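Chemist: In case you want the letters, here they are:
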Amino acid sequence: MNEQGRTLPELLIASGILLLLTAACASALRASMQYHQRIQEQSRIEEDLLKTVGSLSKELGESSILGTVWQATPPALTFPTPRNDNGTLLIDHAAGNRIRWQTLLSYRLEGDQGLLKRYIDRLPSPEVAPPHPLHLTPPRDDLYFAVPGREYRTVASGVTNFEARPLKVENNTVSKLAPSDFAKANLFQVFLRIEQGGDRKYAVSTEVDIVPSN
Amino acid sequence: MASVIFATTVGGLAASWKYQERSIKKYRNRNAARILAQQEMSRLTAHLYPNLEKASRDTSLILNREVDGIVTPKEFYCATTVVENSDETLKDIIIELTYDEQNETKRFVLQTRMYRSE
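Chains Y and B, in that order, give the protein sequences. Note that our numbering has the first sequence beginning at 899, numbered continuously upward. Note that our numbering has the second sequence beginning at 619, numbered continuously upward.
For the record, the hints were derived by calculation from the structure and aren't laboratory data. Small disclaimer: the values here were computed from a predicted structure and weren't measured. Ideal Cβ positions, reconstructed from N, Cα and C, are used throughout, including at glycine. Don't take every hint at face value.
Okay, the calculated beta carbon distance ranges per label pair [said to hold, decoys possible]:
1. Y/L1013 x B/Y667: 35 to 43 Å
2. B/K644 x Y/A1076: 38 to 46 Å
3. Y/L1032 x B/E702: 41 to 49 Å
4. Y/A1081 x B/K672: 18 to 26 Å
5. Y/S1055 x B/E693: 24 to 32 Å
6. Y/P1022 x B/D686: 49 to 57 Å
7. B/V685 x Y/L1013: 20 to 28 Å
8. B/T730 x Y/M931: 36 to 44 Å
9. Y/E1025 x B/K672: 48 to 56 Å
10. B/W635 x Y/R998: 53 to 61 Å
11. Y/Q1087 x B/N669: 19 to 27 Å
12. Y/M931 x B/D686: 18 to 26 Å
13. Y/K1074 x B/A625: 55 to 63 Å
14. Y/L1032 x B/K672: 25 to 33 Å
Chain Y is nowhere near these chain B residues, computed Cβ spacing over 10 Å in every case [what the hints assert, rightly or not]:
15. L670
16. L679
17. L681
18. E684
19. V700
20. V701
21. D705
22. T707
23. I711
24. I712
25. D718
26. F726
27. Q729
28. Y733
In silico contact screen, one side only, chain B against chain Y (beta carbon under 8 Å); selected entries [stated by the list, open to error]:
29. I642
30. R646
31. A650
32. T663
33. A664
Start from the sequences and build out the full structure, keeping to the hints where you can.
Modeler: See the structure below:
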């Protein structure tokens, strides 16, 4: 008697192979999704880094050495800008097109999550000379910016290093200055590093040279 | 038959993975170039019309990408050209960003025009 059909061992083997294939596909899919997610996160921090460095480069480039203050712990870079919140340059045409200083900006690295915050501090009235943040009343220091309600925007998170190094350029020679000689610098090198990830660490970093031109 | 289907599926998945990875790398470099060029343009156009030439510069930026402690630097070169017309009424600002990718040099150009009356 010739019986049609499959035996139990055959069915078990087929089911086993199917199970293995499904598991392999699921694992590949999960790995692919994790990879995609990681890449998205990497792209985001890369964009954060480039945008932060770009805005810092533009804003500090328009500022003045005389009003730029760097503090190593906690890292904070504070400087005046001749622009208001809308980005409009304040020019005194009556005084021969001289710029007026109306805002202070402070990039500060805060918290365990490495939040780099950009504080905006509007001055009561435009200043003729670039104001020094620590010579204002009250001084624009840690205590001042720690007061709740100060206006800020978080420009990057996961920041592990934020550093501004003073340099002196003389006769085409660049020399490093001690952090205490910040006021003698005519060029700043700003270094920024952002790190993300749990089991697999990913980081991006860059450094830019910035010359405060006013 | 089953082995052919399986091999085709796995091969397809692997090829798609590789293609996606390459596209992402390209996209990231292109995105970085776009951001850098836009920022340089924004920095330059913030200056007054007479100061544009003085403010223009050629610069480079090294972006260090780090995975599990292994650093891969990527260098972007940025060249700026400011050209004024013969009537001295407008200036063309051209920002050219170049970077190396897979043995060839990629170019990203951004151009705008600024009028004396602006």
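Chemist: Each hint: holds or not?
Modeler: We went through each hint and held it up to the structure:
1. Y/L1013 x B/Y667: 35 to 43 Å: Roughly 38 Å apart at Cβ, these two residues keep to the hinted range, so it holds.
2. B/K644 x Y/A1076: 38 to 46 Å: The hint (38 to 46 Å, Cβ to Cβ) holds, given that B/K644 and Y/A1076 are roughly 43 Å apart.
3. Y/L1032 x B/E702: 41 to 49 Å: holds, 42 Å
4. Y/A1081 x B/K672: 18 to 26 Å: holds, 25 Å
5. Y/S1055 x B/E693: 24 to 32 Å: holds, 26 Å
6. Y/P1022 x B/D686: 49 to 57 Å: Holds, at about 51 Å.
7. B/V685 x Y/L1013: 20 to 28 Å: The hint (20 to 28 Å, Cβ to Cβ) holds, given that B/V685 and Y/L1013 are roughly 23 Å apart.
8. B/T730 x Y/M931: 36 to 44 Å: holds, 41 Å
9. Y/E1025 x B/K672: 48 to 56 Å: violated, 25 Å
10. B/W635 x Y/R998: 53 to 61 Å: The hint (53 to 61 Å, Cβ to Cβ) holds, given that B/W635 and Y/R998 are roughly 57 Å apart.
11. Y/Q1087 x B/N669: 19 to 27 Å: Taking Cβ atoms as reference, Y/Q1087 and B/N669 lie about 24 Å apart, which means the hint holds.
12. Y/M931 x B/D686: 18 to 26 Å: holds, 20 Å
13. Y/K1074 x B/A625: 55 to 63 Å: holds, 60 Å
14. Y/L1032 x B/K672: 25 to 33 Å: holds, 31 Å
15. L670: Consistent with the label, B/L670 stays out of reach of chain Y, its closest Cβ about 13 Å off (over 10 Å).
16. L679: Violated, because the least Cβ-Cβ distance between B/L679 and chain Y comes to about 6 Å, which does not exceed 10 Å.
17. L681: It is violated; B/L681 is separated from chain Y by about 5 Å at its closest Cβ, not greater than 10 Å.
18. E684: violated, 4 Å
19. V700: The claim stands: B/V700 keeps its Cβ more than 10 Å from every Cβ of chain Y (closest is about 16 Å).
20. V701: holds, 22 Å
21. D705: Fine: 23 Å to the nearest Cβ keeps B/D705 off the interface.
22. T707: holds, 20 Å
23. I711: holds, 15 Å
24. I712: holds, 19 Å
25. D718: Non-interface label on B/D718 holds, nearest chain Y Cβ at 17 Å vs cutoff 10 Å.
26. F726: holds, 14 Å
27. Q729: Given a closest Cβ separation of 19 Å, the condition holds.
28. Y733: holds, 17 Å
29. I642: Status holds, d = 5 Å.
30. R646: Holds - the Cβ of B/R646 comes within 8 Å of chain Y, reaching about 6 Å at its closest.
31. A650: holds, 6 Å
32. T663: Check failed: Cβ of B/T663 comes no nearer than 10 Å to chain Y, outside 8 Å.
33. A664: Hint holds; B/A664 Cβ to chain Y Cβ min 7 Å, cut 8 Å.
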